[in-house]
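Listed below, chain by chain, are the residues.
4 protein chains.
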Amino acid sequence: MFHARTVKLLALLLASPVLVLMLSLPAAAKTITYTPQTIYFTYCFSHPPAARIASGDTVVTKTRDASNDAFQPTMKTLAEGNLDLSRVNPQTGPFYVEGAEPGDTLKVHIDKISLNRDWGWGGAIPYFGALAPEYKTMMVTPPVVDTLYIWRFDRARNVAVLTMPKSKIGKVEVPVRPFFGTIGTAPYGKECISSLVPGTHGANMDFNEVVQGVTMYFPVFEKGALFMLGDGHAAQGDGEIMGAAIETSFDVQFTVEVIKGKTITWPRLENDKYIMSIGSTRPLMDALRLACSDMVNWLAADYGYDKMDAYQLLGQTAVIKIANVVDPQYSVACALDKKYLPK
Amino acid sequence: MFHARTVKLLALLLASPVLVLMLSLPAAAKTITYTPQTIYFTYCFSHPPAARIASGDTVVTKTRDASNDAFQPTMKTLAEGNLDLSRVNPQTGPFYVEGAEPGDTLKVHIDKISLNRDWGWGGAIPYFGALAPEYKTMMVTPPVVDTLYIWRFDRARNVAVLTMPKSKIGKVEVPVRPFFGTIGTAPYGKECISSLVPGTHGANMDFNEVVQGVTMYFPVFEKGALFMLGDGHAAQGDGEIMGAAIETSFDVQFTVEVIKGKTITWPRLENDKYIMSIGSTRPLMDALRLACSDMVNWLAADYGYDKMDAYQLLGQTAVIKIANVVDPQYSVACALDKKYLPK
Amino acid sequence: MFHARTVKLLALLLASPVLVLMLSLPAAAKTITYTPQTIYFTYCFSHPPAARIASGDTVVTKTRDASNDAFQPTMKTLAEGNLDLSRVNPQTGPFYVEGAEPGDTLKVHIDKISLNRDWGWGGAIPYFGALAPEYKTMMVTPPVVDTLYIWRFDRARNVAVLTMPKSKIGKVEVPVRPFFGTIGTAPYGKECISSLVPGTHGANMDFNEVVQGVTMYFPVFEKGALFMLGDGHAAQGDGEIMGAAIETSFDVQFTVEVIKGKTITWPRLENDKYIMSIGSTRPLMDALRLACSDMVNWLAADYGYDKMDAYQLLGQTAVIKIANVVDPQYSVACALDKKYLPK
Amino acid sequence: MFHARTVKLLALLLASPVLVLMLSLPAAAKTITYTPQTIYFTYCFSHPPAARIASGDTVVTKTRDASNDAFQPTMKTLAEGNLDLSRVNPQTGPFYVEGAEPGDTLKVHIDKISLNRDWGWGGAIPYFGALAPEYKTMMVTPPVVDTLYIWRFDRARNVAVLTMPKSKIGKVEVPVRPFFGTIGTAPYGKECISSLVPGTHGANMDFNEVVQGVTMYFPVFEKGALFMLGDGHAAQGDGEIMGAAIETSFDVQFTVEVIKGKTITWPRLENDKYIMSIGSTRPLMDALRLACSDMVNWLAADYGYDKMDAYQLLGQTAVIKIANVVDPQYSVACALDKKYLPK
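Taken in order, these protein sequences are the chains called A, B, C and D. When the letters of the first sequence are read in order and numbered with my numbering, they come out as residues 1 to 343. When the letters of the second sequence are read in order and numbered with my numbering, they come out as residues 1001 to 1343. When the letters of the third sequence are read in order and numbered with my numbering, they come out as residues 2001 to 2343. When the letters of the fourth sequence are read in order and numbered with my numbering, they come out as residues 3001 to 3343.
Bound-form chain A, shown alone (with noise of 0.2 Å):
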């Protein structure tokens, strides 16, 4: 196993456009099999590490739903789970990468997403979602009713099923595209912060592009990198704009790599077709800058781009795809296709 993976990271990195100023390559590359014992609800430099892994290193694990798996398929609201509000959205990890200092760049490919259960939940979250007052937006009318949705999976035709009696449609189908809410290293400056937010370290961003297969990198703000994830979404629309997913428990493999002296500021994505920067602020527009003005600057720093050239670039060729517009910071991703990336 060892030696297929290291010529699939062989592969892969000769294929990346990524320029890699240095690399750890990993002695003996490993899988290690992490059954969660303790969970955390913030992304901080202080929590003990669940297990210390070695860059190149491959690691299978569980994670719990976004509402530490407070629901059952027969309840109706959200008041029923009798939710800890300091205790949801429960992270899995953190990891310890040997080797990860500040500075350094973590890229963490996600080779495996599977369903672990068959149902998921959505929600009308009081005070919580895009089209509603909410708790940052906050107003004097009623906010939306509590209201638990329970969608049912069948793995068969990979779709996630809700009936709507009090629609004519009565039921709707939406495919499973599985992917982590939440994801990434401990934040700078000795921040502890909440599972909910995204920033700079990633963590909730709730981009429905972090799907098996993608490739993410993180800066490295801690010793170790403190990598951890969780809050697994069966589906997702853009933006997620009611304040949840389709949420539910999932078992994931991922392989880590440390990118030694290589400084990122934002998260960033790669697939097959595009790579993205990843910004979270509020209000949106600031995300939407910070994603595409971090583009701007890669295509400056590693790819020979012009700056002015490179916002032209994206002036006529920018994918835009909002993550979320409900957390407690937005996030926006700004993708340009790879065929513009010189070899």
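FYI, nobody ran anything at the bench for these hints, they're computed from the structure.
List of simulated lysine to any residue pairs, SDA-like, C-alpha gap at most 20 Å:
#1 C:2338 with D:3164
#2 A:166 with B:1300
#3 C:2343 with C:2274
All figures in this text were calculated on a predicted structure; none of them were measured in a lab.
Take the given structure of chain A and dock chains B, C and D to it, following the hints.
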């Protein structure tokens, strides 16, 4: 021709998921060729019609580029074009559609868009663009430096080419996908609004999905609707983030239809896969709210969805597109796959 | 009267810190009494003048309330007023000021504002107001419930009184401080803009400092400036957060003056203590940026400040006033104590 | 001293319009003099207390300036200070207040603030400030040029003086009105948040009304409240628009009190004339909504106002103050004259 046209229209209607309350069918749909005599820089109730047409008629005409054809491909700066800023973004029209009255909807099918010259321009416009201080996000630091980018069209290969001597890549090729940046009807409330501004009447949404083959729906606020269009873009990334697309002149053919008694609030678009609502305002988040709230209301009003069910469906499946983040109002489209529309 | 008027004008000018490049002095300033014949609901280049006046002239006239005097104090809801939404916020004027040309500045001194009836109205307007879903911040949850509040004026004590039977306090008294919510000139670029919208031409800024005794400055975009005013407010908190002030009709006297060759970008206000720039746009932060950037530029252009020094001075002394957060564009004023203006 | 102190407290309480559900009265209020031994750069549940104090106790202590005293008055740029950005805005404390538990309110009276040196600094900080591209409103154009402004205090005349050789005025004098930019309790949910960030726990609101003589109220999220303060400002305009005030060190005396069982959501301030709610978030409009919604709720919960009546009252009388528009979250205060509080 009339016959074929009617059959096509009927076919479209039967296939259409849009509920048509009452349709004023064309007595004898005809094709009008209109050579622009005058151009307008505002969308306005008081502009004399360029032509009077009937519901079902097809128009063949031309549009100038957004600079009012002020540039030559040898120029290097926008200043060389000596733009008169009160006379930019010229529109062809208005077309007075017989029978259209306030409260109706104007349906416009874009039959054909053709490039009619071999270059287009982009630009770094001082105090314009999403990633620099601009006329509304005003700052004390300097704006972008005035630069004119000339893109050459290779029509055989359907690409636009820009040489970039200052960048390692040397030149880039962007697929040509022509669309109208500005398209709409006369505004509500006897306002006359610069053609640079998008709103409930459509106009400068700069949405890169307004391509050949789509159908658009606009509110009718004035007798005759007073439909206009212009601002041809050979290609543009999401958001038009540098403030200009690849700007050029067009030949265009479109077909109009009045949907009597059907009242809509914001422009809508339908293509083979999606229906979309397009909201325009600042800040960006509110444009998103307008678009997605309109989609919720649309699903409730025309397709029998319970409002909260519609919101939940969008939460799990919405495709959100950033049309523009540079105009006086930003534009966002909220799209839903047509497979979720009950028969 | 003429003599006294001229002397007063000269005294004002000599005392004024505003640099006057060239002033078209009145040949014989006169007082015009204008009884409104027509009213307008847009600010627009094409409105026929209500009266032609000269620089230096004083006008005595009246304004209707923002509902176009649609309510009676016995009503309980806005719906009872049967508002025609394309005919609200009526304006008195336009006054064509001889000699005013694009690029000049119109100076308007508000000599006197008087209440001319004994009640005003406020309201909870569905889809309006800062603390509820509104026409731009559109949501799927319900808006505020339509409510009409009738305030009674006690002119002897100069207060407005509202009984509040549902509240412990029973009734409240608010000091009357009458001001014009809407005041300005015809917009730039042949636009006709609803009188509900503030902009570079002024109009519906809803700024509670536009009281008797202040001097305002407006850009002139059209020949004659075409000055209008309306939307009397007996009192209003910062931001007009519920969407309506204490709305009433006014008697007013004002005096105009053309400042030839002096070009300004945004409306300005001067009172005994402050000079102010007023910016209008959404989002709120950008209105603040417009106002404060304009103040920096003003200090640099007219008062010999280094631009960064001006910024530093504002950083330590600016008074920022929220004029409105409910209109289609928000308005913010950036004020500087006049003691910082060099002699 | 104890006696006088208690009498003063009781007098304050009897005069206070704030409903006190239950007050843990000091057994024997004492004055603690604390010389800072350690400083903290985050607000955090896990910081060991600097001192343990009782409800009713008075503390006398000192605070460093926001640069962690990194500058000398001979410097010209911020770069010369060699700031460690993870170690700025140092806080004195935390003070563990016996008996304070989550759900209580901590009342803090600022008895006295004194300047303890003769200069302060302001600055043009690259990628910081409201009128330039910044760390969240990121752009591709250049930021402000790093500049350090040294203000000299004339304590006899209570002014800060800045020479401006590049400006016609030559020098400006600003009234000194010392206040704390940063003040608050440990955050909710076991977060550790940079002292640069304001939130529900208070912290870096940069509100120029937090002066000597006012009373503040903070939510208690952790046992002991863990009160801290720092970031002394000798003067500051609304919004702190250039990103720094006149930054300096302070001597301070304050008195704490635990209000048992009284739960508040956002920090509040009371002075002789007003009660205020302070909301912090981005965008600015939402900070305003948080502040004003909290005031509506406050009036309803503690003063018997019908919620819509409270909204109407604010609509006609609210005073809205822009505290900061430069920190990671903006802060806005919504103030109401205390004459509207029923006896």
